[in-house]
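Protein chains in written order, with the numbering used here: chain A, 1 to 419; chain B, 420 to 616.
Be aware that a few hints might be false.
Said to hold, decoys possible - Lysine to aspartate or glutamate pairs mimicking EDC-like chemistry, simulated, CA-CA at most 16 Å apart: (1) A:Lys285 x B:Asp457; (2) B:Lys421 x A:Glu322; (3) A:Lys16 x B:Asp457.
What the hints assert, rightly or not - Here are some chain B residues pointing at chain A (derived, C-beta under 7 Å): (4) Leu454; (5) Leu456; (6) Gln460; (7) Val476; (8) Leu478; (9) Ser479; (10) Asp481; (11) Asn506; (12) Asp509; (13) Pro511.
What the hints assert, rightly or not - Examples of chain B residues lying across from chain A (beta carbon under 10 Å, computed): (14) Met420; (15) Lys421; (16) Gly430; (17) Ala451; (18) Ala452; (19) Asp461; (20) Ala471; (21) Arg482; (22) Leu505; (23) Asn598.
The hints are simulated quantities; they were obtained by calculation from the structure and are not laboratory data.
Glycine included, each C-beta is placed from N, C-alpha and C at the ideal position.
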Amino acid sequence: MPEKSSYVQNLEQCMKCNLCTFVCPMMEVNPFYPGPKKAGPDGERYRLMAPEFYDYALKYCLNCKRCEISCPSDVKVGDIIQRARLKYAGHNLRDYMLASTDLVGILASPFAPVLNPVLRSKTVKGAMHLLAGVDSRRTFPSYSSRKFTSWYRKNVRDGFIKGESAPTGKFVSFFHGCYVNYNYPRLGEDLLRLVNAAGYGVRLLEKERCCGVALISNSFGSQARRQAIVNLDSMRKAVGRGEDIITVSSTCTFTMRDEYSHVLDLENSDVRPHLMLLSKWLYGKIESGEVQLKFNPDFRLRVAYHTACHMQKLGWRNYTLELLKLIPGVELVELPQNCCGIAGTFGFKKENYRYSQTIGDKLFTDIRLARGPQELESDVPFVVCTECETCKWQIEMSTGIPVLNPVSILASALFSSRQ
Amino acid sequence: MKYDAIITGGGRSGCAAAETLLERGWSVCVVAAGLRLDADQDAPYQQLNELARKGAVVLSGDRTSGGIWADSADEYCRKLLAVKTLNYDDRPLEARVFILAGGKFFSMGLRSDSERVFEPVFGSDVEFIPGRENWYSPDFFAPQPFMGFGVKTDTHGRVLFGGKPALNLYAVGSIVAANFTPADPSKIELPDTESDA
Numbered sequence: 001m002p003e004k005s006s007y008v009q010n011l012e013q014c015m016k017c018n019l020c021t022f023v024c025p026m027m028e029v030n031p032f033y034p035g036p037k038k039a040g041p042d043g044e045r046y047r048l049m050a051p052e053f054y055d056y057a058l059k060y061c062l063n064c065k066r067c068e069i070s071c072p073s074d075v076k077v078g079d080i081i082q083r084a085r086l087k088y089a090g091h092n093l094r095d096y097m098l099a100s101t102d103l104v105g106i107l108a109s110p111f112a113p114v115l116n117p118v119l120r121s122k123t124v125k126g127a128m129h130l131l132a133g134v135d136s137r138r139t140f141p142s143y144s145s146r147k148f149t150s151w152y153r154k155n156v157r158d159g160f161i162k163g164e165s166a167p168t169g170k171f172v173s174f175f176h177g178c179y180v181n182y183n184y185p186r187l188g189e190d191l192l193r194l195v196n197a198a199g200y201g202v203r204l205l206e207k208e209r210c211c212g213v214a215l216i217s218n219s220f221g222s223q224a225r226r227q228a229i230v231n232l233d234s235m236r237k238a239v240g241r242g243e244d245i246i247t248v249s250s251t252c253t254f255t256m257r258d259e260y261s262h263v264l265d266l267e268n269s270d271v272r273p274h275l276m277l278l279s280k281w282l283y284g285k286i287e288s289g290e291v292q293l294k295f296n297p298d299f300r301l302r303v304a305y306h307t308a309c310h311m312q313k314l315g316w317r318n319y320t321l322e323l324l325k326l327i328p329g330v331e332l333v334e335l336p337q338n339c340c341g342i343a344g345t346f347g348f349k350k351e352n353y354r355y356s357q358t359i360g361d362k363l364f365t366d367i368r369l370a371r372g373p374q375e376l377e378s379d380v381p382f383v384v385c386t387e388c389e390t391c392k393w394q395i396e397m398s399t400g401i402p403v404l405n406p407v408s409i410l411a412s413a414l415f416s417s418r419q
Numbered sequence: 420m421k422y423d424a425i426i427t428g429g430g431r432s433g434c435a436a437a438e439t440l441l442e443r444g445w446s447v448c449v450v451a452a453g454l455r456l457d458a459d460q461d462a463p464y465q466q467l468n469e470l471a472r473k474g475a476v477v478l479s480g481d482r483t484s485g486g487i488w489a490d491s492a493d494e495y496c497r498k499l500l501a502v503k504t505l506n507y508d509d510r511p512l513e514a515r516v517f518i519l520a521g522g523k524f525f526s527m528g529l530r531s532d533s534e535r536v537f538e539p540v541f542g543s544d545v546e547f548i549p550g551r552e553n554w555y556s557p558d559f560f561a562p563q564p565f566m567g568f569g570v571k572t573d574t575h576g577r578v579l580f581g582g583k584p585a586l587n588l589y590a591v592g593s594i595v596a597a598n599f600t601p602a603d604p605s606k607i608e609l610p611d612t613e614s615d616a
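Could you build all of it, start to finish, from the sequences and the hints given here?
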């Protein structure tokens, strides 16, 4: 059982400079949001006095952590807001369904062929808008009829894809996350191809639950904590075997590395250094000379890299950019760092849809500019690249431009002797 | 990740140093722990974006937490190999030259307790008057002694440890004590990696 973390809130360090208010994407579009300074350190003084001071407008916080990045006094503004929401905010059935990614995934997976068109039909979208409060203009991610874990059990032996490469006896553990398991198993397959090509086998964790980010942001603290404990226990076993734990999603990674201790008060410092995105792991292996990857010289792709908010907070985008630069046929541009506006389950709620889209506008414009006019488009395909799956849904829905995880780009650019 | 220079501090002097080094063709990484305050709040934001556009790696919201030094027979003439930050604590950032531009007390480049003023990242030599009662002048408009406190440097702007300069750690901006010389980024030499390794 993990001990309590020694995390302390440092609201008394705030000197009210309002730099956080200045960089907050929600402040630009929503006059009902009090802003990070008022919602965080200021509001906390009141809440310490009496819980009745809790302001329900705190639900507008996207948890993008830009406030913490801008703070010259190192106040954990975003954490203070998240902790207050966890403690005081209520939730309804809609929030429960949106937050229970594991439960919904398990229920949806067997019915995916029927469910996907149903979730896209106008009638069902309208009904969900009215009855469930899920915005009808939002497109639901498709569910996969076969879970990643089922594919893994059938096609992987000793950590390697059967018939593709021979086991080496070296392993990493893979936290696949809900999106890979229920929505897009292909990304997990790409990861296996890439890690196998680097000479490592991929193990799954003994037990894996959703990282809990949606539960945290919808104020289901005790359930998030239960799931976090299961994940941490499994990850400890992997670390005990001498394995790193790699991930493909920036938000899952950020949640398990930082929010587990800062928001859920769980001690994770033993696991934290071993838990990382694939790009950080792979870059380290290539830099040390242990791994060399061969890329297909005919591969061509124009890539616009979008730094997801939690990727910015993690500070690791250079690992991804450096890896993408290794592929000879990739033309890479880095998009200015702006929030896409969806913030996980936030943008699915009908009361938030317009804020979500207005915040994302800057990014969508930058993406279209990076692509150039459609009629002039070259033969080389253009994609947006990001580590965050909800950014992917938001950008694909709002711009119609495909979004790929860097893992998929690296895997499809690999040189294969069978090609 | 290895750079020619890593700059601790994304304030006015850190950004200016980065700008100069970029113009000299160096690869530069700026660790910017928070935005600096400015009458025009857009300015610090744009300055960091501009540096990134010119090719600097800007780690916004990260914080340098310590250094990794080369083993040396002489304890006080040391070479800095890498720095740890909050996000890069398990995999430190390497460079050939390091520049300390952490600012003074508000920017947390300098800290104090009841007895002393210290520089928290590397623990370098700090110039200050002992006795906290001597730090302030009761006359509000008089020059305040604490404003002159800061890290000690040699004539090249290299940071002192036990009175001796570190080989490749320089200081610029307000973190440097009033009577000491800040480094001039246009004159810093890239050390020859092979010979002094």
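Against the structure, the hints come out as follows:
The hinted pair formed by A:Lys285 and B:Asp457 fails the criterion: a straight-line CA distance of about 42 Å is larger than 16 Å. Distance hint between B:Lys421 and A:Glu322 is fulfilled; the C-alpha atoms sit about 12 Å from each other, no more than 16 Å. At most 16 Å may separate the alpha-carbon atoms for a hinted pair to count; A:Lys16 and B:Asp457 meet this at roughly 14 Å. At its closest, the beta carbon of B:Leu454 sits 5 Å from a beta carbon of chain A; the interface hint therefore holds under the 7 Å criterion.
Because the smallest distance between the Cβ of B:Leu456 and any Cβ of chain A comes to about 6 Å, under 7 Å, the interface hint for this residue holds. Taking 7 Å as the C-beta cut-off, the interface hint given for B:Gln460 holds, the closest approach to chain A being about 5 Å. Satisfaction of the interface hint for B:Val476 is found here, the shortest Cβ-Cβ separation to chain A being roughly 6 Å, below the 7 Å cut-off. Checking B:Leu478 against chain A by beta carbon gives a least distance of about 5 Å; that is within 7 Å, so the hint holds.
At about 5 Å, the closest approach between the beta carbon of B:Ser479 and any beta carbon in chain A falls short of 7 Å, and the interface hint on this residue holds. Residue-level restraint check for B:Asp481 holds (minimum Cβ-Cβ distance to chain A is 5 Å; threshold 7 Å). For B:Asn506, the shortest C-beta to C-beta distance to chain A is roughly 4 Å, which falls under 7 Å, so the interface hint holds. Evaluation of the B:Asp509 hint against chain A yields a held restraint, the C-beta minimum of about 4 Å falling below 7 Å.
Interface hint status for B:Pro511: violated, as the beta-carbon distance to the closest one in chain A is roughly 12 Å, over 7 Å. A hinted interface residue such as B:Met420 counts as satisfied when its beta carbon comes closer than 10 Å to some beta carbon of chain A; here the least separation is about 6 Å, so the hint holds. Below 10 Å, beta-carbon pairs count as interface contacts, and B:Lys421 has one with chain A at about 9 Å; its hint therefore holds. Satisfaction of the interface hint for B:Gly430 is found here, the shortest Cβ-Cβ separation to chain A being roughly 9 Å, below the 10 Å cut-off.
A hinted interface residue such as B:Ala451 counts as satisfied when its beta carbon comes closer than 10 Å to some beta carbon of chain A; here the least separation is about 9 Å, so the hint holds. Residue-level restraint check for B:Ala452 holds (minimum Cβ-Cβ distance to chain A is 7 Å; threshold 10 Å). Below 10 Å, beta-carbon pairs count as interface contacts, and B:Asp461 has one with chain A at about 8 Å; its hint therefore holds. Annotation: B:Ala471 was flagged as interfacial toward chain A, and the flag holds, the nearest CB pair being 8 Å apart, inside 10 Å.
The interface hint given for B:Arg482 holds, since its Cβ lies 7 Å from the closest Cβ of chain A, which is under the 10 Å cut-off. Proximity of B:Leu505 to chain A holds as hinted, the smallest CB-CB distance being about 8 Å (cut-off 10 Å). The beta carbon of B:Asn598 is not positioned within 10 Å of any beta carbon in chain A (closest approach about 27 Å), and the interface hint is therefore violated.
In this structure, the earlier hints numbered 1, 13 and 23 are contradicted, and the remaining ones agree with it.
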